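Enquirer: Protein sequence lines correspond, in order, to chains A and B.
With numbering that gives the first Met the number 0 applied, the first sequence covers 0 to 311.
With numbering that gives the first Met the number 0 applied, the second sequence covers 0 to 311.
If you are wondering where the hints come from, they were derived from the structure by calculation, not from laboratory data.
Please note: incorrect hints may appear among the correct ones.
To be verified - Some chain B residues flagged as far from chain A (calculated, every beta-carbon gap over 12 Å):
{"id": "1", "residue": "Leu39"}
{"id": "2", "residue": "Asp43"}
{"id": "3", "residue": "Thr78"}
{"id": "4", "residue": "Arg155"}
{"id": "5", "residue": "Glu213"}
{"id": "6", "residue": "His221"}
{"id": "7", "residue": "Gly246"}
{"id": "8", "residue": "Ala254"}
{"id": "9", "residue": "Pro260"}
{"id": "10", "residue": "Gly295"}
Unchecked claim - If the Cβ cut is set under 10 Å, some of the chain A residues that face chain B in the computed set are:
{"id": "11", "residue": "Gly77"}
{"id": "12", "residue": "Thr78"}
{"id": "13", "residue": "Glu80"}
{"id": "14", "residue": "Asp92"}
{"id": "15", "residue": "Ala141"}
{"id": "16", "residue": "Arg156"}
{"id": "17", "residue": "Ser202"}
{"id": "18", "residue": "Ala228"}
Stated by the list, open to error - Output of the computed footprint for chain B on chain A, the stretches with three or more beta carbons under 8 Å from beta carbons of chain B:
{"id": "19", "region": "125–136"}
{"id": "20", "region": "146–152"}
What you are looking at is a predicted structure, and each value in this text was computed from that prediction instead of being measured.
By construction, the Cβ of each residue, glycine as well, lies at the ideal position given by its N, Cα and C atoms.
Protein chains: 2
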Amino acid sequence: MRAIITGAGGFVGQELVRQLRAQGRFDRLVLLDARLPPGLAGPDAELVEGDLADPSIRARATGQGADVLFHLAGVMGGTAEQDPALSRRINLDATLDLIDAVAAYGNVPRVVFTSTIAVFGAPLPDHVDDDTPLSPAMTYGAHKLMVEIALADLTRRGALDAVSVRLPGILARPLGPSGMKSAFMSEVFHALAAGKPFTVPVSREATIWAMSVERCAANLVHAAGLDGAVMPTTRAVTLPALRLVFGEMVDAIVARTGADPALVTYVPDAPLEAQFGRLPPLTAAAAQAAGFAHDGSTEAFVAAALRGIGAP
Amino acid sequence: MRAIITGAGGFVGQELVRQLRAQGRFDRLVLLDARLPPGLAGPDAELVEGDLADPSIRARATGQGADVLFHLAGVMGGTAEQDPALSRRINLDATLDLIDAVAAYGNVPRVVFTSTIAVFGAPLPDHVDDDTPLSPAMTYGAHKLMVEIALADLTRRGALDAVSVRLPGILARPLGPSGMKSAFMSEVFHALAAGKPFTVPVSREATIWAMSVERCAANLVHAAGLDGAVMPTTRAVTLPALRLVFGEMVDAIVARTGADPALVTYVPDAPLEAQFGRLPPLTAAAAQAAGFAHDGSTEAFVAAALRGIGAP
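Isolated chain A, as found in the complex (with noise of 0.2 Å):
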C-alpha cells in the first residue's frame, strides 16, 4: 500500500507521517514538501522537496499513483488572505492539477483533503452544525471549500473517492514565525512549560475550538480507512473539536506543569478576542456517527498538547 503525503514536513504532516509508521498499514510512503526535516527519511520513503505547483515535482510524487493522497500542503490563511493569487496558484490550481493527477492513475484512490473551519465565514451563527450555510470570509476558506466542492463531484464521477476533513485550530504548534494572528494559543504551552510569564490577549472567558496535533492526525488516519457504510454523504465532515474556555485551559495547562499560576495575565484585545475568542457551541453529528473524535477533555486535550511539544 502506498501514501503520498504533501506538506509531510508541516506541524500536522510530520505527526501523520509518525503515525502511519506506527500503523504499518502502508509499506511506501512519498512524503512531499517545500523542505523535509531529515528526520522523516527511512526505508520506506521517496522525499520529494520543492514546490507543488511545479508540475515536475508533482509528476514524481504521483508518478506510481497512490492507495491515499492526503493532501495538507497549502498556504496557510494569512499568507492567502495577503496574496490571494497565490493562494489561487497553490491551494486551488495546484491542489486541483495534484487530484487529477492522481485520479489518473485509475485505482480510485482515497483523497483525505485537509479543509478548514473558515468554510464557515464569519460571524459564526450562535451555533454550528452539518446545516450550518457555507460562506467564507476569508480566501484560504474559499479556496478549500472550492476544492471540497470539485473533490465531492470527482468523487461521484467515480474518479476517486475523497473525504474532505475540516481543521479547527490544531495546538500547540511549534514557536516560531507562523504569521497566524492566533499564535498567541500555541505560545502559551510554550511559555508555561518553560515557567516563563505569558499575558494571554483573550479573557478567560474567551471560548475556542481546538484539538490536538495527536488527535487531528488520528483523524486523518481514520479518513484514509474510513468504509462507505459510515461516509458522509457530502464528503465533508467538520471535524468535533473540543469547544473550550480559555481560562479552563490555562488553568490545566498550569496543573499539568507545575507552572506557577501567577505567570499568567489576561489583557484582552477586542479585535483577537472578535475573531478568536467567541467560538459558538458546534454540534459535529456527521463526523462523529463517522467515527471521527475530538480529545476527549480539556485535561486529555492539554496532555496531548503538552506531549505534541515534547513538554513532561
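With chain A's structure known, arrange chain B on it following the hints.
Expert: For chain B alone, kept in the frame of chain A given last:
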C-alpha cells in the same frame, strides 16, 4: 460606459446584446465568442472571435477593462459531464483568469455571471428556496458553484462587484444539435408554431422551471445595474423561474399559435420525467426582493418564448 459580453453569439448572449443596445447605457460593447453572427456588428462593438481558454483572446477582450463584465460563455451541462477536463479548462480556469483580468484593471467592475440551478443538485428537495443546501450533482453545476464562491470572495476583497445569477431552463432555444436532453422543451414550441406533430416525452402533469430568453436577458441587464441596497449578501441569486405544468404550457402554445391540439401526444419517458419533469415549488425571495422577475404567467411566458423564435 463599456461592457464585455462573453458568449455574445449564443442564444442568451444575442438577446442580451439586443437589450443592452435598446437600453443605451453602454457606448462600447466588447463581444467575445467562439463564433459571432454577423448581425452583432455595429459602430459600438468590438468583436473578439476565439477560444476563451486562449490568453491572447482574453487579453484582447479585457485589455481596456470594463464597467461591466457579463460572463455567459461556457461549456454546457451535457458536454461538461462528458468532458470534465474541458469543463475545468473553460468553466473554471479560463473563467477565473478572465475575472482576474477584468479585476486587475482596478475599477471594481460589476461582474454578472450566469450560474445555474444545477448548483442545487439532484434529487431536489420538496421545496427550493434561498436556504436550500448547495450540492451539485453534475460537473457543470460544481464548476459554476466554485466560480460563485470565487466571485463572492473577490467581491469581499473589493476587487470587483459580482452578482451570480442562477438560470433555470431558458426557452425556446433555436432548433439544432444542442446535445441537451431537455431539448424537447424547446422543440414543442417550434413544432406547434410550424403546425407539425410533436410527441412530448414527459407527462401532461410534468412540472418544469422556465423563463423566456427575453426575460432572462432582462434579468441580466437588471443585475448589471443592481443597487447595493438590495444586493443579496451572498452575491448569488436564484432567478424566480415560473414553475409550469407542461400540459398547461402546451395548451397555451396551442391557443396562441392556433395549432391543432391533436398534433400533441404525450409518451412519458420515465428517466426524462424524473430528471426534467418533477421540479418542486421554488421560492426565490432574495432575487424577488432585489427586483429580479419571472415571466408573470404561463400565457405571458409562452408569448415571449414564441416571440423569441420569431413565431407570430
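Enquirer: Give a verdict on every hint.
Expert: The hints, checked one at a time:
Residue placement check: Leu39/B keeps its beta carbon more than 12 Å from all beta carbons of chain A (closest about 33 Å). Every CB of chain A is more than 12 Å from the CB of Asp43/B (nearest about 33 Å), matching its label as outside the interface. Non-interface call for Thr78/B relative to chain A: holds, since the shortest CB-CB distance, roughly 15 Å, exceeds 12 Å. With a minimum CB-CB distance of about 7 Å to chain A, Arg155/B fails to clear the 12 Å threshold, and the non-interface call is violated.
Listed as a non-interface residue, Glu213/B keeps its Cβ farther than 12 Å from every Cβ of chain A; the least gap is roughly 32 Å. Every CB of chain A lies more than 12 Å from the CB of His221/B, the least distance being 24 Å, so the non-interface label holds. At roughly 33 Å, the least C-beta separation between Gly246/B and chain A is larger than 12 Å, which holds for a residue marked as non-interface. Here Ala254/B stays apart from chain A, with its beta-carbon at least about 42 Å from theirs, past the 12 Å limit.
Consistency note on Pro260/B: stated as away from chain A, and its beta-carbon is indeed over 12 Å from all of that chain's, at 42 Å minimum. At roughly 31 Å, the least C-beta separation between Gly295/B and chain A is larger than 12 Å, which holds for a residue marked as non-interface. The restraint placing Gly77/A at the interface with chain B is violated, with a minimum CB-CB distance near 14 Å, outside the 10 Å limit. Interface restraint check: Thr78/A against chain B, minimum CB-CB distance 15 Å, threshold 10 Å, status violated.
Interface hint at Glu80/A: satisfied, since its Cβ lies 9 Å from the closest Cβ of chain B, which is below the 10 Å cut-off. Hint on Asp92/A holds. Least Cβ distance to chain B is approximately 7 Å, under the 10 Å limit. The restraint placing Ala141/A at the interface with chain B holds, with a minimum CB-CB distance near 4 Å, inside the 10 Å limit. Of the supplied interface hints, the one on Arg156/A holds, with its beta-carbon coming within about 7 Å of a beta-carbon of chain B, less than 10 Å.
Nearest Cβ of chain B to the Cβ of Ser202/A: about 28 Å, over the 10 Å cut. The hint is violated. Among the interface hints, the one on Ala228/A is violated; its C-beta lies about 20 Å from the nearest C-beta in chain B, farther than the 10 Å criterion. With 6 residues bearing a CB less than 8 Å from a CB of chain B, the region 125–136 of chain A meets the requirement of three and the coverage assertion stands. Look at the region 146–152 of chain A against chain B: 4 of its residues bring a Cβ nearer than 8 Å to a Cβ of that chain, three or more, so the hint holds.
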